[in-house]
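Protein sequence lines correspond, in order, to chains D and H. Residue numbers for the first sequence follow my numbering, beginning at 1 and rising by one. Residue numbers for the second sequence follow my numbering, beginning at 1 and rising by one.
For the record, the hints were derived by calculation from the structure and aren't laboratory data.
Derived list of chain H stretches under chain D, where covered just means 3 residues or more per stretch with a C-beta under 8 Å from a C-beta of chain D: (1) 168-179; (2) 191-197; (3) 200-207.
Below, a sample of chain D positions facing chain H; criterion: calculated Cβ distance under 8 Å: (4) H72; (5) R81; (6) S87; (7) I88; (8) F89; (9) W105; (10) L112; (11) S114; (12) E117.
These numbers were taken from a predicted model, which means no experiment stands behind them. Using N, Cα and C, we set each Cβ at its ideal position, and we do this for glycine too.
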Amino acid sequence: MILQVKVLSKSFGGLRAVHNVSLGVKKKSIHAIIGPNGAGKSTFFNLISGHLHADEGEVIFKGENITKMPPHRICRKGIGRSFQLISIFPNLDAFENIRVAKLAWFRKSLNLFSSSEKMFRAECEEILDMVGLSARSADLAGTLAYGHQKQLELGIALSVNPELLLLDEPTAGMSIAETATQLKIIERVAKDHGLTVLFTEHDMEVVFSIAEKITVLDQGQILAEGEPGDIRNNEKVKRVYLGKRG
Amino acid sequence: MRALSLIRQKWLWVLIVIFLLTVPFYGSFYYVRLLNEMAIFVLFAIATNLMLGYGGTMPFGQAAFFGTGAYTCTLLLMKAGLPLPLALIAAGLLPACLAVIIGFFSLRLTGIYFAMITLAFSMMIWGVAWKWYSFTGGDDGLVGIPLPSLVAPVINYYYLCLVIVACCLLLLFIIVRSPFGTILMAIRENRVRTEFVGINVRMHLLIGFVISGFFCGVAGALFALLSRGAFTEYLNYTSSVEVVLMCILGGVFSFVGPALGAVIIIILESMISTYTQYSLVVMGVILILLVHFLPGGIVGLKQQIKGS
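All chains should be built: construct the whole structure from the sequences, respecting the hints.
What follows is the structure, given as structure tokens:
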């Protein structure tokens, strides 16, 4: 197991957003977390990545307790993430967006006296190529089309050489064609670089097409866990989530 | 086209340098002093913009560093009899240390809260200088800095000032183009995202704040030497507001923008003060108009025109 979450809980006032959630993520697997709106998926992600701190429980990454660590330290341990609402550097061009992450990863951020202009060109181009944005390299990130911004965010997350990639709704708001492209990129990158991917998603087609294991959250708790086939046939899941769709 | 514009730009800079170096030969003392003041405020504005335009914070207490630099230099020359170069270095280092303390507490906060806490700190320092008569001279200030005879004449001091300001600006230019400068811009653009690529945002902002404090301190010291004294108004919030106004007027998203703002405001102030004593009212009106019609400052307007 690359990631182990032990009885994790988080409340906001009286609302129990995540309650006694435990799960393990196998190395080099693609693991999905699904659940209806307000199930606690994003909160759960924020607890793992250090954006929020848990009230109780532990997050163990590669055998190390990262529960109370700040986000920048968790990132350096090998966890990259994307956000549900696009989170990029809008007034920097696509290339610089990636370069920021590379400068951080190669610990150059405290270098005050060399020009950053020529740094990590090849590495940045490689990432842009990987996410299919080579042609958009000089465009301001904020002016890119929505789908491209999502791809850029994936590129930023990949630039920090993660072992575990946390993707919060990586295809939300994308067209069918964009979704297909994004999924292909995620699958290919995960395979080529031996990454573990943990992602949340609304779209069931997306989940069943790439996830090897699925955890279903409902009202902050685990409702079911298993392989896609098991989840598809699980009565409880059908009732609280899948059934509602149709 | 780009090469042509670069050549044009290069020639513009050459002309500016020639102008600055030759003014004492044909200009009156009044103009030499005015240019001297401009050079100092250009440094003050660009140093402030490291946090404002690059770091994306709202530093409203930069007068604390400018004023502390002025008092440090003045006190070291007048009371400790230190040589000028050492006094100037100390005038950068003490505000930098002060920035560590102010930054440690204020950089936990963002936006308007950061602005308010930096303003509060600077007003505390102003209060100390105002009341501590025996040390700072209180509202009389400290007058009569003994300058070495080599730099005492107005023109000699002008050249010394140009060299120091040029060196400081070169250092700041190198810093904003460095990886650190890129990270500062990333923090401005998206603090959370920067944290999630593995950057300790608060530490980087603190370092930026200390660098900014250092150069604001040097600017304050140079201004004290120009005025031959240190006064509490250097520490007052009006200085903080004025320097932010310079940055916004010129444009915070470029290196030279604040310099342009500083030059324009110094010229305006010298013109307005010959007609009225309410120069701050005029400055206020300028700020209101700017925020409404030129949010990107003069440099922003230039880019807009180019773009369209």
